Amino acid sequence: MTLEMIAILLGGLTIGSALMVVLSKHPVRSVLYLVVTFFLISANYILMNAQFLAIVNIIVYAGAIMVLFLFVLMLLNLNKDSEPITSIGIKLAGIIAGGVLLTVMLAALKDGLVITQQAVGSANNDGLVENLGELLFTKYVLPFEMSSVLFIAAMVGAVMLAKREKQIID
Amino acid sequence: MVLASIFESGVSIDFYIVLASVLFAIGAIGVLVRRNAIVLLMCIELMLNAVNLLMVAFSTYHGKGDGQVFVFFIMVVAAAEATVGLSILVMAYRNIRSTDVGIFNKLKG
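Just so you know, the protein sequences line up as chains A and B, in that order.
Every letter in the first sequence is one number past the one before it in the working numbering, and letter 142, counting from 1, is 142.
Every letter in the second sequence is one number past the one before it in the working numbering, and letter 48, counting from 1, is 48.
Simulated from the structure, these hints should not be mistaken for laboratory data.
Here the structure is a predicted model, which is why all the values come from computation and not from measurement.
Treat the hints with care, since some could be wrong.
With a cut-off of at most 25 Å between alpha-carbon atoms, the simulated SDA-like pairs for lysine to any residue come out as follows [to be verified]:
| hint | chain 1 | residue 1 | chain 2 | residue 2 |
| --- | --- | --- | --- | --- |
| 1 | B | Lys106 | A | Glu83 |
| 2 | A | Lys110 | B | Val22 |
| 3 | A | Lys110 | B | Asp14 |
| 4 | B | Lys64 | A | Ile8 |
| 5 | A | Lys163 | B | Ala80 |
Construct the complete structure from the given sequences, taking the supplied hints into account.
As structure tokens, then:
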């Protein structure tokens, strides 16, 4: 089994599970398919020598964000009956709009590819912690520090929003 | 351990461009078609991941690590977005007992 075959297999599986996220009626099933999609995307990262990002993807996305989604989903106690139904017209319009978007994106990116035709050298180890860490703490140290401010803002916002207001009478 | 680069073994960058575009389109269709607000947020995550995938592909293709650092920042933003979005959603659910985005236009006042 060559690397090419593995890549195509992984790509097909990724698209399939991503489709199931949109298609499945049950929201919990959607979340679980999304976890599968994230694992498959991580596998793609490993295939592209981005080992650090593959692990971070699993920890942050499949581990933290998806657990948050699952928590909220189970907290709200949503099931198949409470799932809102979309009319067939909206569905058709959405699919056509998405298809047009895909066509335009593929056409645009295919033209742009002529410019970026640069062959790479040997196998690189950019995706390892050492290289990424060096980049993160030298060239991109300001965005890195700014992201901590963003996190504090998000944390304060989430706590403030989730606090039960006193004046609301249930 | 570093594997042999995938782009040397016959897989072209076109493959990942197509894959990421299809994933992004699936996410966009999901946002347009579904009406459950949680599934909408999940489709947004799907679109972000499509962009991440393409960014990593180009980073590896050009042999520079910068793209992967940006993926790292996208993950940070996605985590912050998910927390705030979900807490807004929980609060909206407390008031209107539904996550249907069609009902959210009654939020005013």
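Verification of the hints:
no., hint, in the structure
1, B:Lys106 / A:Glu83, "holds, 18 Å"
2, A:Lys110 / B:Val22, "holds, 14 Å"
3, A:Lys110 / B:Asp14, "holds, 8 Å"
4, B:Lys64 / A:Ile8, "holds, 24 Å"
5, A:Lys163 / B:Ala80, "holds, 18 Å"
The structure meets every hint from the earlier list without exception.
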